[in-house]
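Q: These are the residues of each chain, in order.
Number of protein chains: 2
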Amino acid sequence: MVAPGIWLIRVGTPEAFTPVRYRSAPPLTAALADLEKCEKLPLALEGISVLRTPRGVVVELPMEMTEQIFGMGMNLNVVDNSGSRKTMRVSDNPNDTGDTHAPVPFYVSTRGYGVLVDTARYVSFYAGNLAPVSDDAAAAPAQSGLPATTTEQLYSNRGVVSRRMTIDVPVAAGVDLYIFGGPSAMQAVQRYNLFSGGGAVPPLWGLGVWYRGHSKFNAQNALKLAAELRDSHMPIDVFGLEPGWQSQSYSSSFVWSPDRFPDPEGFLKKMDSMGYKVNLWEHAFVHPTSPIHDKLKPLSGDYRVWKGLVPDFSLAETRKIFGGLHDALIAQGISGFKLDENDNQPVSARPWSFPEFSRFPSGMDGEQMHSLFGVLYQQTLYDRYRARNVRTYNSVRASYAMASPLPFVLYSDHYLHKDFVRAILTSGFVGVLWSPELRHAQSIEDLYRRIQTIVMSPQALVNGWYIMHPPWWQIDRVKNAANEPMENYKEVEAVCRELFQLRMSLIPYLYSAFSQYRETGKPPFRALVLEYPEDPLTFRIEDEYMMGDSLLIAPLFAGDDGKRKVYLPKGAWYDFWTGKRYEGQQSYTIEMGPTRIPVFAKAGSLVPLAKPVESVRPETQFELNVKVFGDGSQPFRLYEDDGITFDFEKGKQNVIELQWTAGGGQVRKIKGAYTGASRYRVAGWDRVAAQ
Amino acid sequence: MVAPGIWLIRVGTPEAFTPVRYRSAPPLTAALADLEKCEKLPLALEGISVLRTPRGVVVELPMEMTEQIFGMGMNLNVVDNSGSRKTMRVSDNPNDTGDTHAPVPFYVSTRGYGVLVDTARYVSFYAGNLAPVSDDAAAAPAQSGLPATTTEQLYSNRGVVSRRMTIDVPVAAGVDLYIFGGPSAMQAVQRYNLFSGGGAVPPLWGLGVWYRGHSKFNAQNALKLAAELRDSHMPIDVFGLEPGWQSQSYSSSFVWSPDRFPDPEGFLKKMDSMGYKVNLWEHAFVHPTSPIHDKLKPLSGDYRVWKGLVPDFSLAETRKIFGGLHDALIAQGISGFKLDENDNQPVSARPWSFPEFSRFPSGMDGEQMHSLFGVLYQQTLYDRYRARNVRTYNSVRASYAMASPLPFVLYSDHYLHKDFVRAILTSGFVGVLWSPELRHAQSIEDLYRRIQTIVMSPQALVNGWYIMHPPWWQIDRVKNAANEPMENYKEVEAVCRELFQLRMSLIPYLYSAFSQYRETGKPPFRALVLEYPEDPLTFRIEDEYMMGDSLLIAPLFAGDDGKRKVYLPKGAWYDFWTGKRYEGQQSYTIEMGPTRIPVFAKAGSLVPLAKPVESVRPETQFELNVKVFGDGSQPFRLYEDDGITFDFEKGKQNVIELQWTAGGGQVRKIKGAYTGASRYRVAGWDRVAAQ
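Residue numbers (my numbering), protein chains in the order written: chain A, 1 to 691; chain B, 1 to 691.
So that you can see chain A by itself, here it is in the shape it has in the complex:
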């Protein structure tokens, strides 16, 4: 046992370059000890076997027949991994075989334990789909000797009855497995996140709405759109600049374009005066014209990407040079970055990234670097913000294991709405955050449904990198480019504004959920199975999730006629909008018009809703109305701090308890040493009782 409820199983001689070695933060040991006690290794040691060959090391762990397996990366295509193989490869082109932006080699079982394979190799998990000859059950008679007549029939009769988790770690002569006890699946995930250093806490403004401008915007274009957004009272906190801000992109110079942004300070000052934080796009590959190119040459891999160097971010000297250039941008007021294309293309015939056999000065090879690259890159920039005691919230396209403390939200070029929702669920198993960003929409309905999803996600992002005007102004890309608004754009804009306002009203609730992420490792967004692992009906649910402890989100999708099936787990639930009460452990077909997203509140819960602001400023105080669902018996813990620094780590944070009794609502500070301006004012209580 290496920490409370966490065991290390060492097989052979592990490799030098692994995610635990490159951890972002120390484990939160005290928080681990606060979890429910778990003193027994949740796997039978005698059921574990190991094979070592020139190909690498294979570890077999016992599984029970009824056990379901979740995790193994933030998968966009599938939630439940039982009976399947997944290979953990970072990829810009996610698929159901394990390629994903965050191929975290961690899984969690409904039996209440988790396993981290501490490797940067492209590890494969065979979750109960192999039939060893040594197991006589695997040769049990088939049901029928009749030949099949469809390919599906043929291949369904696979005859696997054996249940083992078989883990294939290529190349390595050994590997460390970390086993995370429960006793529940949720606690196993919490232990994994706390072992990683706890969850990331965004700055308060990070939970507002984000908008990214067109790739070719110059300062005037950006300021004009920013002003228009303010004029139309769209709540937006962060304005993102795409590649056009740089003198060179593909690869990156990391230097303002003298043509398009001749006066960065002046530009940033104007943006700040309108209440915007500014975020800058980049990727890691260093263009020959970048001022750090020559210094980084000996500190980079031996292959170029888009003519740029691939910095070895595992080296302190690389971080110093690369981070140093960024320090200048952070000093100018840049609130964060969008780290693009740090993933790989394992199944492409024309991959653009570096090959797996690359060599890096640290001694890593390309395969190891691909796995760790996203996390090391994130750390390089995050360290600079920490050094300034300034919080940041960012976008990133690749991550990996032990990433929960990093305030970076994953995104993808992959653009199917249902897959984007699925990733909200699967990100919660493996300690990463996910943004189901809006880019364009096929229809007004699609626009509304996608915005509904982004406002119920870790990062509410509209990414207009290829459109000159916002999508609610014109969804047709050709007309958008031709400056022709939709006829009813004012009406569409109003609906979108209201959805953004919904997001703004949820900031205190979400901020408190993120605080819980940091303190207890509990993911703010998560699949129902993590909460209800004893209920098999939750195993296959791919389109509902919990946002915080009280709200169940069931997004609707364009083309589904505003209807869907919702399964509500045990207990009672309330329609967030109408207050209608539903009994749990049942499925319901619900209908909802195009402007609203189905949300259900757990009976007994309290949900503080803020009067929406247009952007979150350091001085913002949220005026709260607390919705009380059912008997309101579950107090809500509202988190408070300065919202922008790391002072909370030194105790400068408060927990304010909202409590409902027969007599009405009570507000009570129950702990904390934050003494700054008060973040919240409770203006009212709104009881939603049983109908």
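If you are wondering where the hints come from, they were derived from the structure by calculation, not from laboratory data. C-beta atoms are modelled at their ideal positions from N, C-alpha and C, and glycine is treated no differently. One or more of the hints may lead you astray.
Label-pair distances were calculated between CB atoms; the ranges are [said to hold, decoys possible]: (1) A:V478 / B:D561: 57 to 63 Å; (2) A:L537 / B:Q442: 39 to 45 Å; (3) B:R540 / A:L41: 55 to 61 Å; (4) B:R350 / A:V50: 20 to 26 Å; (5) B:E64 / A:N483: 37 to 43 Å; (6) B:G266 / A:E46: 54 to 60 Å; (7) B:R581 / A:N483: 53 to 59 Å; (8) B:E64 / A:Q442: 45 to 51 Å; (9) A:Q442 / B:Q220: 52 to 58 Å.
With chain A held as given, fit chain B onto it using these hints.
A: Here is chain B on its own, set in the frame of chain A:
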């Protein structure tokens, strides 16, 4: 130099299990010496570099900027590999990254050399798409610093200017590279095939038409359809039985079903009396009820597939037991087998085959076995036919390097007509044969177009495994199952019959091309670039190919309105049907009605066409009409032997020269000791002169 024009470059310590070790036949050294002299290693040794790491071995070979690379497996998706990466993995689901039924690690360059990487590992080729930092050219300034606004723009600007072939061999501590000299690309391929043991020569009947019956057919069903086909005078030589013939399939028992085939000998006698050869479906996985299961248990891999054992076919004892059971079937008169599902599923989330970390009694691991499995399985059965001095022709779903002597034709569940045509081209680079089989059709036009392709391929196969009646009787699968013929089925049948007759008329021409394949290694079906590597316009052609030395085939596809562009290389060409003359080095848009396939004959060539028979019997003598295109200056070498045994290897074969002079045609035996019944009678000459 290990053979005339063939060099071995050994890097480090190669692995024990490689395709050259498991070669099917000795190299044809005399035939190699007969090729044009090639005395200088076609690659600069000093341009070769090697990297050895725990991941494996990486070899870099020099490439020139103008060099184009072909081969690297029988690819269904792409012909020219220049600028791309391909990973050689055997797969039932072909794609453009190298997964294919025959991932042969051999490539040929337009510069006139070939390279075989003698490994059973999943080797990756990077054909000139990497940019080493050590190469300053790789950092040359980009064209433009302007940001792109589409993903395509972004990713096209990859900036690779360096030209190297980089070969990544995983796991291995060393590898043998065989370099095949030209001087031409064609001769490099010939050297590879002759080094492999020369090309396969099918029995004469193998070049007829094949039909496979429904999976659930019993003896009565099969006999009824076989009789109907004869009654309607459809030329068919081989009738195939699908899984239903076995007592158990998925996995296989290799034993006749007592219910469906209670009297195999009686059944086979009746089929033979109708002029059919019978072919049996199977896969290699041994069902627990098979009589050889228990004996094979210690001779198999450590994981089951479909509950069946995976025999280690590299062991003599396994071959003896597995082949022994098949000997009984061969003794009954079975003409060959269809070896299904011996490929793998490298990108599937639910692979059904054995894992890469499997262990086999020979010492091979699962990765090595996957690469070699198809070839070893083919050898196991082929050896039994050779031992009986009986030729055979078969179907198989996986093959690999050094496979040219094996009379097995690849096929796929993948079913796109254009991909099927592409594989005819790519199979010719890597020493394998391919069948673009017909299963069903979307329309009558699709039916005709697909049949036109199969009759111009190495194996003219109609695979009716999921339809009760032939597709020309009813193309709609639902109506086919409901016993409802198309209204005009007689008319459709007549067109198909005529196409099958075209195939039958080409048998002497094809048989001679196959003889050339064996004797000189020249593939009977091949891409134009192999013939005209100096003509860059041939590099990207994916839908035209040479069949033998004289005929250029340009298939049409349903939906293309009977029109297509045809590029004709240098020299003059004649429309096979109309005799219209075309000048080469030009593209033409040609039109052809639904019942005919565009075929062009090289000016000067002679093409013997036989009067079609309904099936090829041992006593069949072909009545030939020789078509003379243009001046007829190129004599044709007609191959003759008994058509069914291996006696030709002992010289019992004749070459008959057909020659055209101003005075008319001449027939002349120019060599050979075959003294059996004469195969051919030249009945006439038909001159197609310039219009």
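Q: Starting from the hint list further up, note which numbers the structure goes against and sort them upward.
A: 1, 5
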